[in-house]
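Based on the hints, put chain C in the right spot on chain Z.
Protein chains: 2
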Amino acid sequence: MLNGFFQPKSVAVIGASRNPNKVGHVILKNLLESFKGLVYPVNPNADEILGRKVYPSVLEIKEKVDTAIIAVPAKVVLKVVEECGKKGIRYLLMITSGFGEIGNYDLSKKLLRLLKKYNLLCLGPNILGTLDTRSGFDSLFLPRDRMERPKTGNISFITQSGAVGSAILDLTASEGYGFAKFVSYGNALQIDESDLLEYLGKDKETKIICMYIEGVKDGKKFLKIAKKVAKKKPIIVVKGGVTKAGSKATLSHTGSLAGSAEVYKGVFRQAGIIQADSLEEMFEIAKILDKSIKPKGDGIQVITNGGGHGILCADAIVKSGLKMAKLSKKTVKYLKKIFPSNVIIRNPMDLLGDATDERYKLAIEACLKDKNIDILLVVLLYQTPLVSENIVDILIEANKKKIKPIIVVSTGGDLTKPIRKKLEENDIPCYLFPKNAVRAIRELVRYYLF
Amino acid sequence: MLNGFFQPKSVAVIGASRNPNKVGHVILKNLLESFKGLVYPVNPNADEILGRKVYPSVLEIKEKVDTAIIAVPAKVVLKVVEECGKKGIRYLLMITSGFGEIGNYDLSKKLLRLLKKYNLLCLGPNILGTLDTRSGFDSLFLPRDRMERPKTGNISFITQSGAVGSAILDLTASEGYGFAKFVSYGNALQIDESDLLEYLGKDKETKIICMYIEGVKDGKKFLKIAKKVAKKKPIIVVKGGVTKAGSKATLSHTGSLAGSAEVYKGVFRQAGIIQADSLEEMFEIAKILDKSIKPKGDGIQVITNGGGHGILCADAIVKSGLKMAKLSKKTVKYLKKIFPSNVIIRNPMDLLGDATDERYKLAIEACLKDKNIDILLVVLLYQTPLVSENIVDILIEANKKKIKPIIVVSTGGDLTKPIRKKLEENDIPCYLFPKNAVRAIRELVRYYLF
Chain Z
1 MLNGFFQPKS VAVIGASRNP NKVGHVILKN LLESFKGLVY PVNPNADEIL GRKVYPSVLE
61 IKEKVDTAII AVPAKVVLKV VEECGKKGIR YLLMITSGFG EIGNYDLSKK LLRLLKKYNL
121 LCLGPNILGT LDTRSGFDSL FLPRDRMERP KTGNISFITQ SGAVGSAILD LTASEGYGFA
181 KFVSYGNALQ IDESDLLEYL GKDKETKIIC MYIEGVKDGK KFLKIAKKVA KKKPIIVVKG
241 GVTKAGSKAT LSHTGSLAGS AEVYKGVFRQ AGIIQADSLE EMFEIAKILD KSIKPKGDGI
301 QVITNGGGHG ILCADAIVKS GLKMAKLSKK TVKYLKKIFP SNVIIRNPMD LLGDATDERY
361 KLAIEACLKD KNIDILLVVL LYQTPLVSEN IVDILIEANK KKIKPIIVVS TGGDLTKPIR
421 KKLEENDIPC YLFPKNAVRA IRELVRYYLF
Chain C
1 MLNGFFQPKS VAVIGASRNP NKVGHVILKN LLESFKGLVY PVNPNADEIL GRKVYPSVLE
61 IKEKVDTAII AVPAKVVLKV VEECGKKGIR YLLMITSGFG EIGNYDLSKK LLRLLKKYNL
121 LCLGPNILGT LDTRSGFDSL FLPRDRMERP KTGNISFITQ SGAVGSAILD LTASEGYGFA
181 KFVSYGNALQ IDESDLLEYL GKDKETKIIC MYIEGVKDGK KFLKIAKKVA KKKPIIVVKG
241 GVTKAGSKAT LSHTGSLAGS AEVYKGVFRQ AGIIQADSLE EMFEIAKILD KSIKPKGDGI
301 QVITNGGGHG ILCADAIVKS GLKMAKLSKK TVKYLKKIFP SNVIIRNPMD LLGDATDERY
361 KLAIEACLKD KNIDILLVVL LYQTPLVSEN IVDILIEANK KKIKPIIVVS TGGDLTKPIR
421 KKLEENDIPC YLFPKNAVRA IRELVRYYLF
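As given, the protein sequences belong to chains Z and C, one line each in that order.
Its first residue numbered 1, the first sequence is counted upward by one per residue in our numbering.
Its first residue numbered 1, the second sequence is counted upward by one per residue in our numbering.
Only chain Z is shown next, with the shape it has when bound in the complex:
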């Protein structure tokens, strides 16, 4: 169990620093601000940092310590690890870099020997850290005014690259994504992507697993674990280094042998992993799998107040190999009776630019009842003045019934952001553009139906 990397009861910050620009200061500050457990700063050259008593070594701490975050220069790492071993600390988060990634294999070997000697579990070296939104354990070495933290949710993200991880966390946090756990695993000297995948597979707080990987350390192990986990929850992967130029660069980045793109593609498919083509796509897919219920089939009905958007949705649906649903005769008859004659009752259903909240409500209710329809793709262009804020509640009410997946496309700027945010907070996945919504729906359908 890797719980000590996410929800320890007590943690030592080795290399805690008074200097606000140092990694050891930032980590301590973050922990003090959000972590619910005990925190012990360690530094032989300081007495007090951020109002906390500082210990010269972990050996001076009397209480039990579960986890150590190590942010000291590479040259003193071995000494510090030895002390952790002696103290009986089991989990090491090795922020320190300067190992295999710069060719210092000797240091890596020595570290590995110590890990074995004391039966330690070590994440890294060369990592950004971990984040657990429930325990508040935040070992990320980036300050909060540079990287926003996401709110509590169901997505966990494993990333080999710390920078990719930090940039994505910052972006998704500000877009309102909810995370369970985040982990950067760097050089994967001991604990690798497969171990983390296995752990998150069993983690009850994790519903969706996203991964950015450059290489897999042990292909057989990965395939075996991924197969098992993918049966329980969706895994979405972005693989860096799928071209020769990219793959060459992975070698100097995390020391990974990227391997051929085709081989990876095959492994992912075999394991039941969803391979996304970009970071953007990965999180767009994660969102729909997180929020949406299981569709009963792949027939999509588009409802729109903008004809052009309806057409673009239809194009995207057909291009993706998904199906445009065909409204039942009963639904058509009913809607023809209650709607103005110029409303286009077909697929896409065009409620027109003068669509009111009420018109949306009637259309959505009719489509939820229609057995020909499996999924509702609702285009909501909030620029037209006859839809009001109430449309949001209408959509949320309809979605709460959990009859069919409802996905929203809402193109617009800052004025429309609160609309999308409220919908998503109520489990309706929203997308800015038809193409992105349909790409996500395709993966939703594939995940549940194929």
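Simulated from the structure, these hints should not be mistaken for lab results.
Don't take each hint at face value.
One copy or any two copies: either way a pair holds, since identical chains are not told apart in the list.
[What the hints assert, rightly or not] Derived PhoX-like pairs: lysine-lysine, alpha-carbon spacing no greater than 25 Å straight-line: (1) Lys319 with Lys244; (2) Lys323 with Lys248; (3) Lys244 with Lys371; (4) Lys75 with Lys337; (5) Lys248 with Lys319.
Using the frame of chain Z, we list chain C on its own:
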């Protein structure tokens, strides 16, 4: 010349209304707020609206009127147009709907007859309106608290669908895109997409033309005009209705025969038009063509402070058929001398997570000098604390020299938005993700080099 739709000296708003929910009120209000010319509200049942004298008919206005915005019910349209003809108004913006798009071809025919009789130029019917950011002429019938207006710039956007237009205007405005002119042409009863294309082709304020079209009215005319215009400035098109389902929907939307996707693709290629796959892509391409200088070749050097992002850039570049540049020996030698030994001086060049502004500056300067490099793709992950706000000025300074195109990828949330905004205000196109940046660079290269 269609100048009267964008920069008239005087305009009558026929159907001006006291009711703030009515289109005729919104348009009047928008004009009064931003238009620099003369505005005459027209309504037989009101004396004063928004503090302005109201005329019962355009015939009662003594001064010359260039343009009429018509926002009256369909049943009185012909009377109103007749009066415009008699008054000598040449330009009609026909907001009113209820013509061919609902099968009322008779009304369309009668309108066409009047246009001929009085030699009138008519945009629409069934349009959202037009916007000219320089004259402040804003005939869009959507209120500003529902749809943000873009700032002055070089992009003009022709859209058949008003709703696509409004959603995109709102989004791009809030993202800081600069527009010259916007025009929604609806049913295109008289003035069609080709006329507008020809006009914007000659318009000095328009540097880039974006188009959302569902069908082309006269293929030969379009091809002839597009060929001519594309030689002078880039045209980027999104075609709605490229599948059978989408194309069927265009018929009821704007009455367009969408035609086969392949035929359109061929026409666009022949004309030298860039066909974008989505609205998002269209504006990402518009941005790079608007801001970037002409590249001398297609060799791209990636500079990054995050290894993962470097790899994703390299993957995207190779997949797009673009070239990874090869640093000259001289550059490598120079940078090896001045940089710490762990900095990776290759392509991608990884300045590492502890990269400072200064390190970026040195790398960028060296690459600008290196003749092996044509384009700089700079990844700037602002989450790492050793880059400061000064990096923005360093990039702007480098870009001002206009030696090579500099494109930035900066992944992040609200904290990083001001960075991207300032860079773009200084003509450095920014993208959230490697894939999107590279897709845009591909079109930049194609436009200038092939």
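Hints versus structure:
| no. | hint | verdict |
| --- | --- | --- |
| 1 | Lys319 with Lys244 | between (29 Å within a copy, 10 Å between copies) |
| 2 | Lys323 with Lys248 | between (41 Å within a copy, 15 Å between copies) |
| 3 | Lys244 with Lys371 | between (49 Å within a copy, 23 Å between copies) |
| 4 | Lys75 with Lys337 | between (79 Å within a copy, 24 Å between copies) |
| 5 | Lys248 with Lys319 | between (34 Å within a copy, 15 Å between copies) |
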